[in-house]
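Going down the list, the sequences are from chains A and B.
Take the first sequence: its position 230, counting from 1, is numbered 230 in my numbering, and each next residue is one higher.
Take the second sequence: its position 330, counting from 1, is numbered 330 in my numbering, and each next residue is one higher.
I should point out that these hints are in silico values taken from the structure, not numbers from a laboratory.
Certain hints may be false.
Note: identical chains are not told apart, hence a pair may lie in one copy or across any two.
BS3-like mimics (lysine-lysine), calculated; alpha carbons at most 30 Å apart, straight line [claimed, not checked]:
hint : residue 1 : residue 2
1    : Lys-274   : Lys-31
2    : Lys-113   : Lys-37
3    : Lys-113   : Lys-87
4    : Lys-138   : Lys-205
Protein chains: 2
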Amino acid sequence: MELRLAFIGFGNVARAFARLLVDNRSEHEIKYGVRWKATAIATARHGCITSTAGIDLGEASVCVERGDNLTELPESLYAADAISVIKSCNADILFETSPLNAIDGEPATTHIKAALERGINVITANKGPIAFAYSALKARASQHHASFRFEGTVMDGAPVFNMIDACLPGVGVFGFSGVLNSTTNLVLTGMESGRSFEDSLAEAKRRGIAEANSDYDIDGWDAAVKAVALANVIMGAEARPVDVARQGIRSVRVEDLEEAARSGMTIRLVARGKRIADKVTLTVTPEMVPLRSALGSVRGTSNVLLLETDLMGQIGIVEEEPGVDQTAYALFSDMLQIHSRLNC
Amino acid sequence: MELRLAFIGFGNVARAFARLLVDNRSEHEIKYGVRWKATAIATARHGCITSTAGIDLGEASVCVERGDNLTELPESLYAADAISVIKSCNADILFETSPLNAIDGEPATTHIKAALERGINVITANKGPIAFAYSALKARASQHHASFRFEGTVMDGAPVFNMIDACLPGVGVFGFSGVLNSTTNLVLTGMESGRSFEDSLAEAKRRGIAEANSDYDIDGWDAAVKAVALANVIMGAEARPVDVARQGIRSVRVEDLEEAARSGMTIRLVARGKRIADKVTLTVTPEMVPLRSALGSVRGTSNVLLLETDLMGQIGIVEEEPGVDQTAYALFSDMLQIHSRLNC
Numbered sequence: 001m002e003l004r005l006a007f008i009g010f011g012n013v014a015r016a017f018a019r020l021l022v023d024n025r026s027e028h029e030i031k032y033g034v035r036w037k038a039t040a041i042a043t044a045r046h047g048c049i050t051s052t053a054g055i056d057l058g059e060a061s062v063c064v065e066r067g068d069n070l071t072e073l074p075e076s077l078y079a080a081d082a083i084s085v086i087k088s089c090n091a092d093i094l095f096e097t098s099p100l101n102a103i104d105g106e107p108a109t110t111h112i113k114a115a116l117e118r119g120i121n122v123i124t125a126n127k128g129p130i131a132f133a134y135s136a137l138k139a140r141a142s143q144h145h146a147s148f149r150f151e152g153t154v155m156d157g158a159p160v161f162n163m164i165d166a167c168l169p170g171v172g173v174f175g176f177s178g179v180l181n182s183t184t185n186l187v188l189t190g191m192e193s194g195r196s197f198e199d200s201l202a203e204a205k206r207r208g209i210a211e212a213n214s215d216y217d218i219d220g221w222d223a224a225v226k227a228v229a230l231a232n233v234i235m236g237a238e239a240r241p242v243d244v245a246r247q248g249i250r251s252v253r254v255e256d257l258e259e260a261a262r263s264g265m266t267i268r269l270v271a272r273g274k275r276i277a278d279k280v281t282l283t284v285t286p287e288m289v290p291l292r293s294a295l296g297s298v299r300g301t302s303n304v305l306l307l308e309t310d311l312m313g314q315i316g317i318v319e320e321e322p323g324v325d326q327t328a329y330a331l332f333s334d335m336l337q338i339h340s341r342l343n344c
Numbered sequence: 001m002e003l004r005l006a007f008i009g010f011g012n013v014a015r016a017f018a019r020l021l022v023d024n025r026s027e028h029e030i031k032y033g034v035r036w037k038a039t040a041i042a043t044a045r046h047g048c049i050t051s052t053a054g055i056d057l058g059e060a061s062v063c064v065e066r067g068d069n070l071t072e073l074p075e076s077l078y079a080a081d082a083i084s085v086i087k088s089c090n091a092d093i094l095f096e097t098s099p100l101n102a103i104d105g106e107p108a109t110t111h112i113k114a115a116l117e118r119g120i121n122v123i124t125a126n127k128g129p130i131a132f133a134y135s136a137l138k139a140r141a142s143q144h145h146a147s148f149r150f151e152g153t154v155m156d157g158a159p160v161f162n163m164i165d166a167c168l169p170g171v172g173v174f175g176f177s178g179v180l181n182s183t184t185n186l187v188l189t190g191m192e193s194g195r196s197f198e199d200s201l202a203e204a205k206r207r208g209i210a211e212a213n214s215d216y217d218i219d220g221w222d223a224a225v226k227a228v229a230l231a232n233v234i235m236g237a238e239a240r241p242v243d244v245a246r247q248g249i250r251s252v253r254v255e256d257l258e259e260a261a262r263s264g265m266t267i268r269l270v271a272r273g274k275r276i277a278d279k280v281t282l283t284v285t286p287e288m289v290p291l292r293s294a295l296g297s298v299r300g301t302s303n304v305l306l307l308e309t310d311l312m313g314q315i316g317i318v319e320e321e322p323g324v325d326q327t328a329y330a331l332f333s334d335m336l337q338i339h340s341r342l343n344c
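From just these sequences and the hints, can you work out the full model?
Below is the structure:
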């Protein structure tokens, strides 16, 4: 079976994923029996196309990077927008990587709903839909016998959701704590060495880790959306980002970090989820943590997530200096899971 | 389908696993459709029995803990030894948890071979067979269409092999480093606070972490056998424990730890595997590592494993203060994997 792939959004993550697919095409066919063709790409600024013959993903990437319109590609049909692509494309898997909207998770949620309703399997790297509509999307997927996977939404490609799903069956998660946002951790790590907040943030922007408008990271929204995604998926919560008791890192001063260091501590922006009775409480706040701890030893852009479980005690996952290739890998690992389900 | 379970070895790990099964019998049936009965138990000191009606695992545990012989249990048939149990039992899954023999991996390897040759799926928590005969056992398993699983052999129940297998498809591992032995880490952590080697080891024995004869841990054999198991399974090596450049922690002095601490470092017994050309080099040695690092921040009986990969960069798994219940969980997660394969 040849998997037909549709892309909603064709930014950095989707193009890194396309590279992974194209560069390893024959190896993936030999090792996993995976054959594929791209049948649709929808973007906000470079047009939307479908093709039954198959789109050359390498050419499509070059076209987008050059700033051209995808409709210039051969044998492709113009489409009006993402929704019309989703409603008309012939696809087995749809990759939703449109930009995150942290206010309401749209339009990604609408895209995913529309695809699932057509029975198309969906893979997303977009946290919004998980934070705003997870249980509805999950119900939609199961009603239409489609898969809905989202490994790339938290900790890039490090196996979080897939690990809990595939490797920790029967384990109940009653809490978690983690350093989940790279920008704030890079800033705090910079401030540990005495640099100012502003210099450390400028450095994060120069390295391409922080966005031009970094408020979303600095004020803890990114970590909050990830905490909500974790709570909704692995703890069965019905939380929304506004439910998170959230404080960013603006109030942290270099002197606070110096003082913490004197007693073997440091400050990290820690996301926590905790089940209390049948409610899940979520916080994202700067916390004093021991320098020598899983949370305190994670530096720079690295992430860590610790799970508190019943059968397995505390287990943690650490991801060192992740980048866009790791998120691309998350899409790929989700694609292989769907491929084996389809061939089971 | 009712899974018929055979136990070779019925020590602490097997009995903790039996408790997990018995205590959650109806939940496991409802949630996973898992139904089971125990049809054989072989021990070295408490006799060997088989039963078609099914053995009460709770009663069997009480019997062993009381020091009695299993043949006293109702409706059970006496068997001469483990091998005759394996050759005659009616079992779908055999749990091999006989004591580790670090010299040659026997008799566990022979037990596992015999079971796989009868097409019986095997789950083991015993590192020996993986360190001494992994590729032969794997070939035997595939030849007889049986599963061979061993999640509990490294880092107790933390998903290592299952995570790589199920959640990191297509990822090549070219190296690893880890703190894999609880006894030596507990001793080094004790020495960090100024206690002597002897006192720290005595404390580890008092807590039941170290064996009466702790040479196997202290001299780095346990970590070496685990390093070999990792290398053989996740890096395709054909290594044996004698191939590991191994040095235990006897030479480490409290003063060394004090001196290390002055420059923000500590000492850990680190197991490393590295692919150089097409050979895997393995070491287990005390190493200076930064206090603030994944390796340096792991304290007491906790373990950490960092994987160096191609597609995913460095990712790590941390297990806090594991115990026998975590190893029991590893057997259970392997059992669920086999159950879903049998029902696929």
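Each hint, compared with the structure:
1. In the homo-oligomer, the alpha carbons of Lys-274 and Lys-31 lie at most 30 Å apart only across protomers (24 Å), although the nearest pairing inside one protomer, at 41 Å, exceeds that limit.
2. Only within a single protomer do Lys-113 and Lys-37 lie at most 30 Å apart by alpha-carbon distance; the minimum there is 23 Å, versus 44 Å between protomers.
3. Proximity of Lys-113 to Lys-87 under the C-alpha cut-off of 30 Å is restricted to the intra-copy arrangement: shortest distance 11 Å within a copy versus 54 Å between copies.
4. Taking CA atoms no more than 30 Å apart as the test, Lys-138 paired with Lys-205 passes in neither setting, with 36 Å inside one copy and 49 Å between copies.
Hint violations for this structure: number 4 only, all remaining hints satisfied.
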